[in-house]
Every structure is written in structure tokens, then in C-alpha cells.
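Trainee: The chain contents come next:
Protein chains: 4
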Amino acid sequence: MCGVFGVFNSKTPAEDTFYGLYSLQHRGQEAAGIVVAEYNKAKKKTLFKQHKGPGLVSEVFRDEQIFENLSGYAAIGHNRYSTTGASKSNNNIQPFSLTYRSGSLAIAHNGNLTNSRALRKELTEQGVIFQASSDTEIIPHLAARSKEKEPLHQIYDALRQVEGAFSIVILANNQMIAARDPYGVRPLALGKKIDPATGEMAYVVASETCAFDIIKAEYIRDIAPGEILLIDHLSVENEKPVSLYLPPVERKARCIFEYVYFARPDSFIFRNSVDKVRRNLGKNLARESTVERKDKEKELAVVSVPDSSNTAALGFVRESNKLGKPARFEHGLIRNHYVGRTFIQPGIQSREIKVRSKYNIVRGVMQGRPIILVDDSIVRGTTAKMLIKLVREANPAEIHLHISSPPITNPCFYGMDFPTKRQLLTHMLADAEHELGNVEKIREYIGVDSLKYLSMQGLLNSVPTFEGEECSYCTACFSGDYPIPITDATTDKEEND
Amino acid sequence: MCGVFGVFNSKTPAEDTFYGLYSLQHRGQEAAGIVVAEYNKAKKKTLFKQHKGPGLVSEVFRDEQIFENLSGYAAIGHNRYSTTGASKSNNNIQPFSLTYRSGSLAIAHNGNLTNSRALRKELTEQGVIFQASSDTEIIPHLAARSKEKEPLHQIYDALRQVEGAFSIVILANNQMIAARDPYGVRPLALGKKIDPATGEMAYVVASETCAFDIIKAEYIRDIAPGEILLIDHLSVENEKPVSLYLPPVERKARCIFEYVYFARPDSFIFRNSVDKVRRNLGKNLARESTVERKDKEKELAVVSVPDSSNTAALGFVRESNKLGKPARFEHGLIRNHYVGRTFIQPGIQSREIKVRSKYNIVRGVMQGRPIILVDDSIVRGTTAKMLIKLVREANPAEIHLHISSPPITNPCFYGMDFPTKRQLLTHMLADAEHELGNVEKIREYIGVDSLKYLSMQGLLNSVPTFEGEECSYCTACFSGDYPIPITDATTDKEEND
Amino acid sequence: MCGVFGVFNSKTPAEDTFYGLYSLQHRGQEAAGIVVAEYNKAKKKTLFKQHKGPGLVSEVFRDEQIFENLSGYAAIGHNRYSTTGASKSNNNIQPFSLTYRSGSLAIAHNGNLTNSRALRKELTEQGVIFQASSDTEIIPHLAARSKEKEPLHQIYDALRQVEGAFSIVILANNQMIAARDPYGVRPLALGKKIDPATGEMAYVVASETCAFDIIKAEYIRDIAPGEILLIDHLSVENEKPVSLYLPPVERKARCIFEYVYFARPDSFIFRNSVDKVRRNLGKNLARESTVERKDKEKELAVVSVPDSSNTAALGFVRESNKLGKPARFEHGLIRNHYVGRTFIQPGIQSREIKVRSKYNIVRGVMQGRPIILVDDSIVRGTTAKMLIKLVREANPAEIHLHISSPPITNPCFYGMDFPTKRQLLTHMLADAEHELGNVEKIREYIGVDSLKYLSMQGLLNSVPTFEGEECSYCTACFSGDYPIPITDATTDKEEND
Amino acid sequence: MCGVFGVFNSKTPAEDTFYGLYSLQHRGQEAAGIVVAEYNKAKKKTLFKQHKGPGLVSEVFRDEQIFENLSGYAAIGHNRYSTTGASKSNNNIQPFSLTYRSGSLAIAHNGNLTNSRALRKELTEQGVIFQASSDTEIIPHLAARSKEKEPLHQIYDALRQVEGAFSIVILANNQMIAARDPYGVRPLALGKKIDPATGEMAYVVASETCAFDIIKAEYIRDIAPGEILLIDHLSVENEKPVSLYLPPVERKARCIFEYVYFARPDSFIFRNSVDKVRRNLGKNLARESTVERKDKEKELAVVSVPDSSNTAALGFVRESNKLGKPARFEHGLIRNHYVGRTFIQPGIQSREIKVRSKYNIVRGVMQGRPIILVDDSIVRGTTAKMLIKLVREANPAEIHLHISSPPITNPCFYGMDFPTKRQLLTHMLADAEHELGNVEKIREYIGVDSLKYLSMQGLLNSVPTFEGEECSYCTACFSGDYPIPITDATTDKEEND
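Top to bottom, those sequences are chains G, E, C and W. Residues in the first sequence are numbered consecutively from 1, following our numbering. Residues in the second sequence are numbered consecutively from 1, following our numbering. Residues in the third sequence are numbered consecutively from 1, following our numbering. Residues in the fourth sequence are numbered consecutively from 1, following our numbering.
Keep in mind the hints are simulated off the structure, nothing from the lab. Just so you know, these numbers come straight off a predicted model, no measurement behind them. Heads up, a few of these hints could be off.
One copy or two, either will do: identical chains are not told apart, so a pair holds if it fits within one copy or between any two.
[To be verified] Mimicking SDA-like on lysine to any residue, the simulated pairs with C-alpha atoms at most 20 Å apart in a straight line are:
| id | residue 1 | residue 2 |
| --- | --- | --- |
| 1 | K298 | R318 |
| 2 | K276 | R335 |
| 3 | K441 | S455 |
| 4 | K389 | E218 |
| 5 | K325 | I486 |
| 6 | K193 | N395 |
| 7 | K452 | E440 |
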């Protein structure tokens, strides 16, 4: 996954982008970069400057001097997440900046193109050279080969040819362009920020609205699925950016997993509060929950895996009590504040010490009690297993694990960093009878007294609906129902992940 | 404040100490160090090796190679917190290691000596030279000048002469010594760890028990106030460390602020669960609370300042509901996981961006509602003021700020990093009538609809009692009642802080 | 300027390339990179791995772990020199590696293309995007668009289209290609290295033969002007690399400045010992020299500016004595060994402290004596001026500055990092009468008693001749006679320098 | 070995000291530090600030910000050389700064105390604690225990008790003290610098006069053997520093090896030009030289090992020709400019690649010729052996190795970093007949056609004489005649080296 950010007509575009990326840090911790557009008086045109590097935003932009070198009026930025060695190459750190026949271009992309292999092959045969392994590089190549003269139309041409999930921010000379695929898989929001000194307005674009909050920008609306939005000095003056629209597709396919786990709870995603959706997930989980307790005397404690499941757990407790199933919310697990990306584990290089370093248990609130542990999802299952082992040290009477989403049964080809099918816990525990592993086997593997997943219907009941849309979400990871054809991606999954 | 850790008879003493310090990171973020004792076969004696540096534990010990160079059988470690420039000198990073007539010595200290100025003067007049500005250096000087032959008795001699707060771990040749001042101001716990492979036992000593949990050590008991505990290979064999005791003092003076804010909630401090005490603080706050709401229709939301006030808020809500004052717990503020020590703020170098970077608001749960915001304490008031400004952006109907401790009116001379009296908010808002600023003025300054502090009696009702003790706690920061004479410290406060 | 290196069929290609680049460090100190070709058994094809970064070779490749990650059988490397800010972008660090229709390609280039602007424009119009500002990137673009199928022929096609100076090493899948422009401007040598353990032969290619010496490789011959040499496993087996030849040009244009200053004295350049040529320069300078000494009693001391002018000074002294003009060689200036690239100058950020930090004077050998100071060339004149000021502190009776080459009057468009015409000292001191500044004015500016440049004829008499060639050298910087048309370079000089 | 520097009454004491240490870099590459004295107006007294670290001066003081934090009016600095692991501890990096009864003290020391073990024992028994393993720490301890009140007299008291070699610079509150042992083993010079803007004078003290040149200071005189010089604001005003003198000793013992190899040729050491002495060494070597050439036809080339032997080789050639033994000076070896301290050698971690990386051969001037290779000394012999192997690659007809000093037969206990006796080549090649290895065996080991050492008499004839002194030099490393008793040092040599 990745986070993208853009700002236009600011006096401190690099600083704004830094804070934007900083608040989008959860979307990608491996690398970060900022490209700034500055008007060069001598050359009478806009020139780009950039700073990129591996690591957290605060590590890559540690020196204040970097910002002195990044003055300008507009900027875009990117947070990159990636696990495979190959992609650690600096060549792959975004935004990509380049020059082509119409001038300078820089691009930051969140998502995954599903016809990248075919397009890459086609372009390659025409003599195109690729510097990075990222599929993002395809887009500027297509734009550069368009017969259109305006960057906006070139980008339109390019985006018509790509398939898949993309939320994109582009700097093209003295313009900023933001675009989102017609399915609307990844989020992208538009905001504005008023300079307190001058009263001038800057447009901002970000993966999540939490990036607006930190710089005191205001959320205007989402970039619509299929929209290509042009922001330039004229749009700022008129307060009216221009939009083109990609040909519509049959359905929408917003990533439901953004609500389940990925987005920050204080963000608005797809026009709705993430926190509120997670509360609904908890409520619906409570409605479906039927915990068989061995010891019915002791009060049931509900413990969330912080911080992603806090709200769901709270929603669960409230609904549970409303339904006459008493349960109390407890902070039984505490997240360590000092876990950083560069953390090393001398001696015991295991996942166990990782879990122990990340979470601390509060014994008193769990000891001797039956507990419901609320988590958002299980992917590989290894962390869950270790976490349960840790919780067991507090001697709870029973552990009932509740997952606020259905079992993950399929990989994501639209940008979420899931492992291959083979590495999903559901598959590892598959058997003759149960293609995807039965829940009982998973329960046994993880080592809990009972295991409850939210049903697909419960999930769908929890997320907002969109008027006039029959189908609004992509639920492929839970259902295997892939809304966008994945012509080549399937086989690539392992190498390009 | 600082964190100390020690381990004896381990195969991986540096690794154990690393994880111990890592879990004590909240006690000091400025510098960290480890000294290891290794038996040198060629020289037929124990030699010390060390690694120290400024920064977080995970930064100072980033390279795995450091651990390869730190093999041995015992180790002590130290986390240092300090804000003033002077103390950033590497000379001040602990543990201090040195050689003296009886061999090698290394010392790690949490606390503050109150007669350090007098002792330093006396020693200096005798020709002693000091390399660091820390008062800790006094202790080995006194030990080296003792007429005793055994390090244990030399240390006893030294500690009889110092006054103030100290929890100390020492390596002296092939022995480890742990000691705590007779007032018991700072915590210090003893534990043991069984090597899963060999079944051998290692003793561990730490400021808080959370340092035991991470390395799967077991909490045995606290080092008693005034106890000097000797651990060597014989004590390991017999499972019986030897203890000396400093002359008893009239009262005990455990730092009550460790319970209020400083210690980690999952630790046991002074034999009791920090989490449980904080819950009591919340309960008692609920009993004392009488919120005058303007709009009595809307449900009251209780929001905690994460993570330190989570438990108090939970206790508050539960008790409040029990008392028939309905209120619901909400996660209205979320703590950013990526705030690191090395964070820089380009452009706006204000406390505002610091607060915005650290906390995110969840609008939905606060918007339009009257809220009670629960925080543990107010020191300077600047952060509280900015936080309230941030919370206001979520448009709560009313903000009632509840503090789970009384107003801080006096500086700490026993190790807590409070500012000078002048910088405390209570003093800044003093006037003719109210020496310590009246609550109304503070409320106004911070900008909330109402402000409620827990009463001193409420605080004392929340903390555990100790049999046979008339007075168990130091409450000086709230009451001005200093249990240990502060002969020189008062005037020093500003420079040595 | 830059240094290039390549090795094929070695067991330690990255290490060989490291040492090669290390000995070519004088050709470029700003950045360094290595691309390694490794056969991947699983994928049954050669894959590339790379490491690049800003700084000296020893800085970029500081960690031994880097080499562990760079195993393979072939490698190419590049040292980059550049002074302008723009080019410090990491995008510009070579070798460039990329994928295109025929697989993987990596390229390292020394030189400068003179029709890059036109080609770039043409390519851009065809939809090509450029990631770096370097002209090198044009070559793989042309190759990728060639209709040929074999990389060798694609490269041939590409190089037919470019004009200018280029010495190039390329990795193309499992082949290495080395090429030199038809004018032969920049040097490029072929060597071989026998593995002492296995007896197997590796081919090596380098800008200068000093890169062979350090890894105990043997110099075979130069890559001929216009030659495109293919090295693959078959050529290693047969000990016979295959060559194609670019269409011949009317004349050759070896850079005479490589002999004057740039190349290392222990290298063979254009088949001849650099040291020997420099000695000739000194000899011819002695023949032309007619120093008017004020004090004819005292012995004349000849002092060289170390280390580049040492040999010329030695040749000068010997010839001078032979001609009956007695003079003695003295080490009057010593070069500081610890001057590094990262050197900072607190306080006085001037060129003066730079010169004082780089050179030390030995007073005794100059005091009271008339001296001839031998230097290789004067570019801007600022360093020379400061150096003379420094030498004056030793109180020589007279300073006669002898330059072992003619005045530099024109910028280089073929890769040498000269400043623009305006910044050359000859131009700065121009007047109505003397377009290029007269020698008298330069003498006065620099502050010496007399100033003598070697004549153009003296220069040409000093360098080796090549059979059958009427014109063998480019002397443009001294004569303004540019052998290769500079269609666009002139105007670009300032921005792309 | 080490370099020391001090400056008093400068506006840029840290910058001056930086450049001073930079020019003394050859005296110690392992660590560097600066302590600055600044008058604190608020506290009405001088306070010290420091910056120290491992590495070259330019590495330790890389950031300009360091200098911003080091403002003041006086400073001392230290370069440390050390090879053993133990001494890499940061605790050992000088200057040491500390507080004691009379205020603040900082000390930088070049040399080695020979009664440190006894003094340390005595102090330790009195209860003194030591933080570093360096013998330097003894001096402030002795000073702090003196009954005198003035730092100058305390230092006098302390230095009366220590034996061995010491050249010391001290900051004591608002005074600077420079001292040299009565034997005068290590050099120490006094200079002055006039501020060009204000005309104010600053005193400077340095191990070698080259440190004066770089900051344009003027050499006044040497600190005399046994002198303790006090510089304060009064001495600056009067231009008259005050001196005390330690009790005189029977003889002087200036380190003759400073002239042979250690000091920089452009320095004045012991009042005389190092360059001139080295020239004398070459001359006397020529007088003693009787090369038996196989091929008497070919001209004899004299090649020096740069840069330390350049002058000796020049002196040799001149004298040789004068004596009718024709020989020509040649630059046959070139020193690589980019060899840095942090250089790593991937793959072949041998001394061979170290030598190959440091020196390049110029084939043409040696090929087929008989050569005399002039080097200053042979210690372990391993580098010499590898160097000869390298020179052989140029195919000289014969190699006659001339060493401009006698064989090193004994370790140094006064500060030179020689290995233990066992590791000296002379000892490794000892046999029954020749206790110190005969020259023939050494010749064979190193692999040259002949080997000639300068005689002891030749050495003594080359160095300056001092009026009224019967014995002026320490020649212990060549003669075993140790001028200062070495009560404990001998046995310590191996561990403390």
C-alpha cells in the first residue's frame, strides 16, 4: 500500500507535504519522497526539485536543510510500503520525476495496475526502456506517447489504457492533476487550506483526510471514481478545478478492507468516518456473537488489539450490553510507543519477541476472567498465535477471539500487501473437506477457546451504501469475487508483490 | 527520570538488558547504555565492556555487531531522561564505569541525591576530581574512600552518607549489587529468569516489572526501602541473595506520581498493579465529579488522553454509571504511532504542530456532544491548552476537563523532571488572592467549560496502603510536604535539572 | 569527467570493480556505482543487482555487507565528477540500469555527447521520457528503438547516431560491451586477469591502466577509436572478443589534456606512459625557458605543485642542466594526505584556507632563493593566486611560474569539467588589445615575477605520434579548434556543466 | 603518538584548534577532541564546552553547527593515535575535562608516563577512581590533591611526581598552561597570531609548527624542556607569559625518531627544520653507501617511498653526485590521495591490497634499471616486503634498499607506537649468532638485492646539536639506551600499547 499527497498554491508546499505524508505514514513505511514545483524566474518556467529515500518520513526528511532546498508553490509526495527485497531499490521510490516532450512530470501512485504486464510488453516492443520495476512507470510512458498536446489530455489518454486500481497525484509543469480509477478502489480526497496570513487558498489532495487535519486544511469532497481533476493557478483563482471523466464501468469497487483495517480511524474514507464504520463492525459482531462460556459467573471482559480494533471493541461492548449480553470494555493490551521501523532483535530473531516488543499485557484486567479478544483480521496467523500466547500469560479463564471481518481467503491484486494465496492462514489449514481451512482448525492453530469471524453479510451491513449503486465495494479478499479482470497479475503476485 | 536494569548469570546479558531498557524506554529517552561483565580467562578476572550513546535504546543499539562485542555473564543498563543542554554531554551517560582500588565498578542510578552539593564540596576539598555533572558520580567516590575491603560494605558506607532518592544497580567485579534508599522513593524490583535450554537461573533487577515480562522473567519481590542486595554466583547457586539494610527512617516516601502518570500501566510498582491504581483514580474522580452540563439531553462522552489516562477514564465511566451518572467511554483521541524522538518540525516550530503530530481527533464521537476529557495531570499547561484547541476542532458541545490528580504546585527534588516552581502552571496563574493560581483562572487559560482536579484525599484513597506504615507516600509535588530534607537542591534546581 | 570500469568472468566482480574505481577515483569524486550481473538459476537468466551513491568510492562502498549482496560473474562501475547542484540528483548516478525489449541493460559512460540536445528533442517528440538530465540516457533509448535483435547491433545502431566523446562500458544480459567514439577522445583500455586459484581468465576494461595494476590484471591493448567490442563467455573461452567498427572519421582527437593533467602518471593512456609524456612536457618547457633572474648568484630551485607536476618538474630540471642552465629540484610544497572530499571549513569559507589545507610549504628550500614553480595548467586562476600567496610566506627571492601547457582559452565540450568561457582566467583578463588576456596581465593578477606557458608546438612535441595519422589530438581547450561539431553544446554549457 | 594544540585569546578558538589539529593529523588518526573556554556572563566565570569523537579531525568536526556551539576565547585540542581495541573506548578520547576543588580543568597530553603504574596504585589506594585507562588521568588527580591553591602550582606539584615523556596543554579555569618534561622528549612550540581585524594577539601552542602555518600564526620559540608556561589575559596584555621550571635532569632526550619519520617535513621541531635534517640523513646515507651493482652501464635511479622519504632521497642524490657516484632522482612510486582511515578491503583483507591501494608504481622510470629505494625505517617489515613485491612488477634490474636510519631494535616507552620487541623485524629474524637478526637475513626476507641502513654515527651527524648539552637525543629504539627509567612500562607494553 501507499499514501499520496499533493498541494498546490502553498508557500510551504514541502512542509505541507511532509506533514501530510507523516499522517499517512501507516499507509507505507518503507520509503518516502517529495517533488516540489518552483517557478524559476531566470528560465521563465517551473522546475522540479526532489528529495527521496528509504525509511520513515521523519527519517528521510530529518534535516531541516532539506526543506530549505525544497521551496516552491506546489508539491506531491508518496509513502511506499513494500516487503520484497527487489523493491527496496532506490529506483522504485516515488514520486517518479522525469522530462518528456511536454516538459516535466512527476507522479505518485497508490494502487496496482492489473494489465501492467501486457502494457509493459507492448511498450517494450516499441522500444521503451524501464528504469524501475514498478507498474507506475507505465503511466508517464503512455502519456508521453499520446498524440494530445496538453498534459491533462495525455494523462487522460494514458489512464484510459490502464486497468486496475489507481489513485494518482501528478505534477505536470505548472499544473497538478489528481485521478482515481473508475472503480474507485483506493481513496483520494480533495481539500483546501487557507493561508492564515494572506487568506490565499491552496488545494490539497490526499489518500485520507487525516492528512488535511494535521495542516488545518478542510475536506471538500472525494475525487470521484473515474475523475481526472486539473488544478492550476486559474482553478485556484476561480476556486473551480476542471474535471474530465474516464469512461464509466459497470460497478464500483471501493476497497472494503480500508474500512476494516487499513485507514486511520480519524479519517473520512469514501465520504464516511472510518471510526463509525468500525463501530458498526463491532455492533454487528455483537449481534452475531454467541460465546459459549465455561464459567458463566465471572464477568466477561472485552479486550481489543490496539489501536486498530479499539473502536470495533467499543461498538461490540455497547451493542452486547444493549442486547442483554453483559460485557465490559478493558484495556488489557497496551501498544508500545517506541516500536520503530529500525528495530532490531538481537539474539532471538523471532516473531515472538516482535509481538512482545509491540504489545504489553495488563494482567489484572484479564486474570481469571473469560475474555473476548477483538481483532480486525487474521492474515498469516503467526502474529495472532504469538499474541494469544502472550495474553495467556495473564491467565485469563477463557479466550474467545472475535474477528471483525470474515476470513481472508484470497490475495489482493489491487494494492493491499497481502501474501500469496499459499501463505494465507485459511489456505495453510485447508483440507480435503474444507478448501479454505475450517474455522475449527484455525481456532486450534491459534490456540483459543473459541473463534468467531464476522459474516460477509455483517460486514456489508456495517459499511455505508452509495445511492444508485448496486455494487459499491470490492470484497475480493473475503469472497474471491474480483471486480477488475486480473489478466496477468495472478501469476506475477509472487515476484512483484 | 531514568530506568535501571540489571541481570546476573545470563548467557545473553546484553540482549536481556537491551530488552529490559527497551521496555523502560518511557522512563528516559535521551540516552542509554549497557555495561557487561565478562570473565577473562587469560587475566583470570572479570572485565567490563560497555556501549553507550545518546538517543533511544533502539537507536543506540541499532547494530547487531554491538551485541557480539558485549558477551559476558552479567550486565547493567540505564535509560536517561534529561532536557537541559548541559546534561547532553556524553560524560553524563550512565552506567558510569571506572576502576578503583578494589577493581572495577559500574553504576546505574535512578533518583536524585539531595545532599550532593555538600558531599561534592567535601570530596572536592579532599582532592577528588569529577568528570560528569551528575550526582551519581559521588557514590563510587565515597565507596572508593571507604575503609572497608568488600565492595558490598564500601557501597554500604557510601549510601549511608548520601541523602535523597536512589534506586541503584551496580556491577562490582564479579558481583551485582542493587539498592534502594530508605524512603523507598523510586521503585526497584527483583525477578528471576530461567534459561529454557539449561534450566539455570538468572537474577534480574529493574525499575518496573514490565522489564521482566518482555524477557519472560518472573517478578519475585521489591528491593525493600533501605535494602542493599548482593547477587553473586553463590547467591544464584543457593537462590539466596544476601542483604544489608541502611538505617531506617521515620517514614516511607514512595513517589505517588509514579502511579499517577510515570510508570507503565502493565507494571507492578510498589507491589501493586499500576493499572489498578489508575482505575481507582478514575473511580474516585467519578465520585467527586459534578459536571454542570448546559445541554443535559445529549449523552455525555468520556474521552481519555491516550495512553496514560485510558484506564482512569475507564474507571471513571464505570463508577459514574454505577452512581447513576450516565456516561460513555469513547476513543476520541488517537495517539500517532510514528512520533519519534528525532522528529523535526520544519516551518512551524511550535508546540501546536507537536500536539497535532502526536494526537488525532476522531470527530464523529465528539461532534455536538458534551465531553469529559480525562487527563492525568497538568504541568506547564501549554500542551493541555493546545490539546483543547485541537479537540475543539471536532466541535464538541462542551468540554469538561477532569484531571485524575490534584494540582501540581511544587517542583520535585527526588528525580521527576518537573520544571522549576515558576514554570508550573499553578504558579504562572497565581495572583494576590490565590498563591497557586485558582482553578478558575487555569480553566480560563486552558479554555474549557469546566475543570475538575481530583482531591488530595481522593488521590490517597486510590493508592495501596502498606501495613504498619503511617506514612507511605511522597506527595510533595501536590502538597509541598517534602519528606527528605532538601539542603541544597532547591537552589540548584534550575541548573542541574 | 568520469571513470569507467568493467570485468567479465570473475568470481569477485564487485570487489574487482571496487578496486578499479578506487584507483580511478581522481576521474570523479562525486558519486560511484556498481552494477553486477549474476546468473539466477531459478529464473534461468542473468539478473542485475546494483549499489550506487554520492561520495567517494570508499564512502559509497563502506560496508562489507554491500559486497555480499553483489555476487555474480560480471560487473561495470562508474565514478562521477560534477560540480553543479542539479547533477547531484541521485537519478544521475551511473551506471544506469534498465529493462527493455531485449532484457536488461546497464551503462557507464565517460565523455560528453555533442548532439544530445537534438537527439533528446527527437526522442522526446517520439514519446520518450527521460529520468535523468545526463546525456548518457540517450544511448539505451536509441538501442531500445533499434530494429536489430542483438544488443551488440542495437548498441551499434545507437552509437552511429550519437556524436561527441564517449568511452562506454555496457552490461547487456549476459554480455559485456565496451565502445569508444571514432575520434578516440577519451581513453579506454582492455586487459585480462588470471584467477590465481583456477587459472581462469577474466576480461577487464578501464579508463586507465592504473585500474589494472591494483587488481593485478595485465594491459592487452586499447579499445580502438570507433571500436565496439563484445565480451561474452564464448570470447573468454576463445580468448577472442568480437569487434564491430563505427564508420571512420577524418581525424583522431585524443584529449591532450589527459596527458597534461588529468590521467594518473602511472597509467598508460593512448598506449603511452603518462609519466613519460609529462617528463617531455618538462623538457620542452626547459628548452623554451628563459628566466630573467634579478639575482644571478643564488642557485635556482625548481619546485613542483604536487603531485601532478612532479614529473614535469623533474624533466625540466634534467633538461635545464643539460642545456647549461643549472637548477635544482626541490620539494618545496607538500600535499596534505588528509584532504578529503567532505572537508568543511568553519569560519573562513574561502579558497585561501582550502589551499592552505591542501598544501604545506617547506620554508628552508625556498627562503631567499629564486624559484621556478612548475604547475600543469591555470584554469580560473584563483587557486594559483592563493598558492603563490602561500609560497610567498617562505620568502623566496623570486617566483618564476612555469606552466607545462599553453594558456587555456576555450571550454571543453567533450567531458572535461572546465568552466564556461567567461570563467577562464584568460577571458577574465581580456582587454581590447588581447582577446584572451595577455600573459603580462595574468602574471600581474597571480602575483609572480615572471610567467611562462609552454608553447603549442612544445606541447605537440611532447606527446606521442600515431602512425598514419595526420591529426591525433584534440587541443581545443588551448586552440579553440574543435574537432567534433558542437551543434548544441555551446549554449548548454552553462546549465549542463 | 598524539598531537596537542592550544590557543588563548582568540575570537575563534574552536576553528583555530580545528585547523591546528587538522595539520597535526599525521600524529594521530583514531580520535580527536576540542575543549573550549567561554566566559559566562550570568555565572561570572569561565565554563568549558567540548566536542570529541572517534575518527579523523574532519570526520569528528564534520558539521558546522558544532562550531556554533563552541564559541569562547580559548581552546585546547588533541589528536589520538592508538591501535588496540581497549583504547577505542570513548572514555579515553582527550582532552579530558573535569571539575575539582579549584574549578574546571581540561588536559591534552602527548607522550607516555613511565611511572604511571606506581602512581596509579598509590592514588587508587587513597581512594581515587579512574574513568579511563590512559595514564594522562593521573596528572589532574595529582593536581587536585596538591596543597597549592593556584592551578599553576598544583600542576607543578603534579608534574614533579610523574616521570616519562609529556608535552601537555591544559585549560584551568581562565588560564592556559603548557608544559614539557625535563628530558624534552616530545616537541612543543609556542607561537602567536595577530587578529587581522583587531590587531589583538593570541598565544598558540602546538606539537609542531605546521599547526601555526595553517592559521597564519608565527613561531616564537619552543616550550623548553622542563618548562611550565602560564598564559592568561595578563600575559597576553604584557606579551609575557610566566614560566616555572621543573628540576633539571642530567641529560636531554629529544626523540630522534621525530626527525627520522614522525614529524611533518614542513615543521620546525626542536628549533630545527625537519626537512633539513632529513636532507642530512640522505647526505650521510650517500656518504656511507657502497652499492655493488651487477650492471654498471645503466644509470642508477633513486626512488623514494613517498612522502616521508622524499627529502632524504633528494639529499642522497645530490650528495651522491657530488661524491662522483652518479644517480638520478625519480618519482617511481606515487602515493594515492584517496586512502582514508575508513578504507575497507572487500575480499582480500591482506596487507598486500593495502600497499597496492596506497602506492602506485611508475613503470617507465624503473623498468630495466638498477634502483636505490630510499625509505626512512623498517618496523615490522611486512609493509616493506609487500612494497618491494609491488616495485618488482615494474621490472627494475636491481633493487638496493637504503634506510635513512639504523635498524630498530627496541620498543619505545615514551609514546611512539612501536610494537613489542617480539614484533620488530630485527627480533623476528634473530638467531644464535645475531641477537637482533643480521642485516643479510632481513635483506633476504624483504627480497632486495642489497640492504643498507644508515649507521648510528651517520644518524647523529645528521641531527642538530644543542650548545652546552652533552647528550641531546633519545635513540633508544635504535640503541636500547633508555634515558628515562622504565620501572613499570616494560611489562605493560603489550597490553597498553
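Trainee: For each hint, tell me whether it holds in the structure or not.
Mentor: Hint check results:
1. K298 / R318: both (18 Å within a copy, 17 Å between copies)
2. K276 / R335: between (22 Å within a copy, 18 Å between copies)
3. K441 / S455: within (18 Å within a copy, 53 Å between copies)
4. K389 / E218: between (44 Å within a copy, 16 Å between copies)
5. K325 / I486: neither (44 Å within a copy, 56 Å between copies)
6. K193 / N395: between (51 Å within a copy, 19 Å between copies)
7. K452 / E440: within (10 Å within a copy, 51 Å between copies)
Checked against the numbered hints above, the structure breaks only hint 5 and satisfies the rest.
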